Amino acid sequence: MTFFRSPRAVPYLLLLPAIVVILSVVLLPLLVSFYSSLTGYNLTKPATLTQFVGLRNYQRLLGNEDFWWAFGRTFLFVTITLNVEMLLGLGLALLVNKITWGQRTLRTVMMFPMMFSPILVGFQFKYIFNDAVGLVNNALFDLGLIDQPIPWLVDGNLANFSIIFAEIWMSTSIFAILLLAGLLALPKEPIEAARVDGCNPWQVFRHITLPFLMPFVYIAMTIRSLDVARAYDMVKIMTNGGPAGRTELLWTLMTRVGYQNSQMGMANAMGYVSIVLSIVFTFYFYRKLVGARGFMGGAQ
Amino acid sequence: MSRHGTIEKPWQRWLIRIGVFVAMVILCLPGVWVILTAFRPNIEVLARPAIWIPQQWTLDNFARLFGYSSEQQGLPVALYFRNSLVISLTSTLVAIVVGMAGGYAFARYSFRGKATLFLGFMLSRTVPGVALSLPLFIIWSRIGLIDTSWGLILVYMAVNIPFTIWLTDGFFRQIPVDLSEAAQIDGCTPWQAFWKVEFPLARSGLASAAIFAFLTSWNEYALASQLTRTTASKTMPVGLMDFTAQFTVDWTGMSAMAVLIIIPALVLTFIVQKHLIAGLTFGGVKG
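Taken in sequence, the protein lines are chains F and W.
Just so you know, we're using our numbering here: the first sequence kicks off at 28 and counts up by one.
Just so you know, we're using our numbering here: the second sequence kicks off at 122 and counts up by one.
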């Protein structure tokens with residue numbers, strides 16, 4: 028017991044409550060999840076929790092067409108939204124950076140979408156893209172551009188477009204605000220030196236501004252990849268995976284299999300795939316962030 | 122002349138202004154439209170052709186939510202609101218205390234396994250809520266935590282602790298160690314030095330960490346939707362989803378509920394912003 032009284036124990040004691048909470052509410056459930064993914068657990072038959080089936084759930088996933096569609100769609104969804112958000116966020120940050128009067132107000136306005144929870148963003152666009160009462164169709168009608176309502180959330184391709192639009196609306200601000208912070212911290216001397224040496228604005232941007240901004244890009248990417256799965260809330264309220272599974276993402280498919288079809292073992296196997304996907308994305312950007320920071324000589 | 126010394130031509134300046142204006146309209150319009158809908162009568166929202174400029178203002182949608190209207194038996198929104206508030210506040214309070222202790226340990230001590238532990242906390246945050254809800258549903262059902270406020274409070278604590286540790290670690294690291302050491306030379310115990318010197322300096326940072334944690338819990342849907350069942354523990358986002366189960370979509374009612382969810386978020390985000398600016402200007406550290 029002397030260890031607990033020594034000064035060496037202080038950091039461990041300070042961290043103890045946090046460790047206990049994470050172990051019991053995250054790590055233990057993850058172990059249960061992994062175990063149940065190796066069983067044929069069905070919610071309606073509690074006894075099946077001990078029915079060990081090895082890797083059969085994973086094998087069945089690999090041969091399941093619905094799973095691969097959802098997996099591919101999720102991967103595409105994440106890739107498209109992160110890239111578009113980054114480009115739009117960069118554009119917006121560069122524009123706002125040029126404005127000197129009222130910039131602080133603009134920054135506050137830019138934070139507006141960040142205040143909306145994903146479920147609210149989903150509801151908002153479910154309303155705005157609604158074919159009968161939605162803002163978009165109403166506007167197109169009154170401008171005389173259409174005479175039939177466009178089924179934004181009923182047609183498969185349009186529904187995917189609407190969901191991607193909603194996600195981009197929700198998260199572009201995060202990139203814009205972080206990149207604007209980067210632009211404000213940008214040192215002036217190298218830019219002036221480059222200009223004296225005869226660089227044009229594009230060269231200045233390409234070789235000085237952009238490398239300086241990269242750590243900020245990766246911070247934003249890391250933060251975003253931490254919570255990509257919140258797209259679940261949005262899809263749930265906007266289309267619930269429909270029409271006919273055309274907007275089904277890994278996350279919505281998982282709950283359908285687990286809670287509605289009661290195939291908990293299978294759902295947990297899918298859960299593990301999604302966890303690995305999230306960790307890989309986050310880890311990739313985190314490594315990039317560490318690398319970019321080293322390149323900048325420790326710039327935050 | 123702009124910040125970086127480039128001289129723009131007038132037409133370029135106007136192009137920039139128009140671009141920013143269009144972007145801001147796109148960012149604000151959808152939310153503003155929902156907020157407007159919450160104060161309009163249903164007939165006006167459903168009208169064909171569309172009525173663009175609200176003709177009539179009403180608070181009836183809110184009255185309906187809280188059951189003060191003969192028109193329709195509303196959802197128990199008052200209970201949902203209470204649950205959301207109790208669950209978010211309690212989990213935030215605990216997460217801040219526990220997270221602050223952890224963040225302080227990471228900022229001020231070097232110890233074995235530090236880097237691994239930090240990475241472990243961060244990785245625990247990457248687990249998608251939906252994926253975590255599956256095993257939690259199994260365990261919570263067996264130990265009787267399903268559909269209780271405590272069940273959800275525990276989960277939100279775990280969700281918020283890693284991020285709080287990350288933030289507070291940063292805030293404490295910005296405070297020079299010398300200050301606490303000086304206080305201890307002057308006769309303070311480490312405990313007193315923390316509360317009298319370091320805590321007050323980190324206060325605005327802690328406040329913004331608390332607001333982040335509160336908003337995460339307040340807005341959370343994926344876990345809440347699976348771990349709650351009845352009015353005993355259902356939160357506002359889950360309640361909003363209840364509307365879609367009804368036969369016809371009640372757009373004005375849903376918008377009113379959306380406004381109830383967004384108001385605390387609006388106010389708190391505004392405060393965070395002020396705290397962040399205060400934190401930056403306070404960086405000079407006045408004794």
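In case anyone wonders, no lab produced these hints; they're calculated from the structure.
Small disclaimer: the values here were computed from a predicted structure and weren't measured.
Don't take each hint at face value.
Cross-link-like lysine-lysine pairs, in silico, DSS-like; alpha carbons within 30 Å at most [as the list claims (entries may be wrong)]:
no., chain 1, residue 1, chain 2, residue 2
1, W, K235, F, K215
2, W, K317, W, K235
3, W, K235, F, K315
What the simulated footprint calls covered on chain W by chain F, stretch by stretch (three residues with Cβ under 8 Å from a Cβ of chain F suffice, anywhere in the stretch; the number is not a length) [claimed, not checked]:
no., segment
4, 166 to 176
5, 180 to 187
6, 247 to 255
7, 268 to 281
8, 316 to 330
9, 353 to 364
Glycine residues also receive a C-beta, built at the ideal position from the N, C-alpha and C atoms.
Cross-check of the supplied hints:
1. W:K235 / F:K215: violated (37 Å)
2. W:K317 / W:K235: holds (27 Å)
3. W:K235 / F:K315: Within the cut-off at roughly 21 Å; holds.
4. 166 to 176: holds (count 5)
5. 180 to 187: violated (count 0)
6. 247 to 255: holds (count 9)
7. 268 to 281: Held - the segment 268 to 281 of chain W has 4 residues with a Cβ nearer than 8 Å to chain F, which meets the minimum of three.
8. 316 to 330: violated (count 0)
9. 353 to 364: holds (count 3)
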